[in-house]
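Asks: Each chain, written out:
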Amino acid sequence: DAGVIQSPRHEVTEMGQEVTLRCKPISGHDYLFWYRQTMMRGLELLIYFNNNVPIDDSGMPEDRFSAKMPNASFSTLKIQPSEPRDSAVYFCASSRRASSYNEQFFGPGTRLTVL
Amino acid sequence: KNEVEQSPQNLTAQEGEFITINCSYSVGISALHWLQQHPGGGIVSLFMLSSGKKKHGRLIATINIQEKHSSLHITASHPRDSAVYICAVSPGNQFYFGTGTSLTVIP
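Each protein sequence line maps, in turn, to chains A and B.
Sequential numbering from 1 applies to the first sequence in my numbering.
Sequential numbering from 1001 applies to the second sequence in my numbering.
Honestly, the hints are just simulated from the structure, not real lab data.
There could be a bad hint or two in this list.
As the list claims (entries may be wrong) - Sample of chain A residues at the chain B side, in silico, Cβ under 8 angstroms:
| id | residue |
| --- | --- |
| 1 | Leu45 |
| 2 | Phe65 |
| 3 | Phe74 |
| 4 | Ala88 |
| 5 | Val89 |
| 6 | Glu103 |
| 7 | Gly109 |
| 8 | Thr113 |
Beta carbons are placed, not taken as given, at the ideal position from N, Cα and C, and that holds for glycine.
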C-alpha cells in the first residue's frame, strides 16, 4: 500500500494567491482528516470527512479555507486568498473509522509558505 | 485552555538511558494516542490505548484513566529515537493534541 499521498510537498506562494493542497487517502479508509501544524499552536484538526461527506469543520479557521472530497480517493484543501499567517505544515490522514479507537495514518505533509 | 499538557517540552538524554514522557489531559476520553514525528516531519502512530499498558519493542505506554494521565517510556534509548513525541486524546470524534516533547538522544 502506498500510504496517504499528499501533493505538493512544498508550496511557496505570495499573499493573496489561491493555494490548493491535495490528498489521496489509503484505499478502503472511510475517514479523511485535514490537520495544520505550526510552531505556536502545534497540531490542529481542521476538518474531517466520512464517506466523502464533511462531518466536522469547526476547526477551519475562517471562510478563506474550504475543503472538498469529490470521491473516496481524493480530497482538496483550498485557501483563497492566502495570508502569511497560513504558513504551516498541512497534514492529511485517513482511517477506517473516526472513532478514537482507530489508528490514523498520516501523509508526509505539505509545507506551505506564504510570503 | 489546553486540554492536553505534555512534559517535559524538551529532553536530552545519553544513549542507553531510560526515558519517560508524561501526558495529562482534562477531558473525558475514549482513547489516547502517542504519535512520533521525526525531523523529516512525517508522523507515525505509536500507540492507541484506553486502559492499562502496551509494549512495542523498547517502547511502553501506560494510561491511568482515573488520574487522566499517560506516560510513554523508552528503554535503552538510541539516537534514532530522537524525534518529537505527541500525545493526543479524543472524547469522541474531536482530537486534542499536546504540543509535543522534543527528544534528543546523544551517542
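Asks: Now look at each hint and say whether the structure bears it out.
Replies: Verification of the supplied hints:
no.	hint	result
1	Leu45	5 angstroms, holds
2	Phe65	18 angstroms, violated
3	Phe74	21 angstroms, violated
4	Ala88	12 angstroms, violated
5	Val89	6 angstroms, holds
6	Glu103	5 angstroms, holds
7	Gly109	5 angstroms, holds
8	Thr113	14 angstroms, violated
Violated hints, in rising order: 2, 3, 4 and 8; the structure is consistent with all others.
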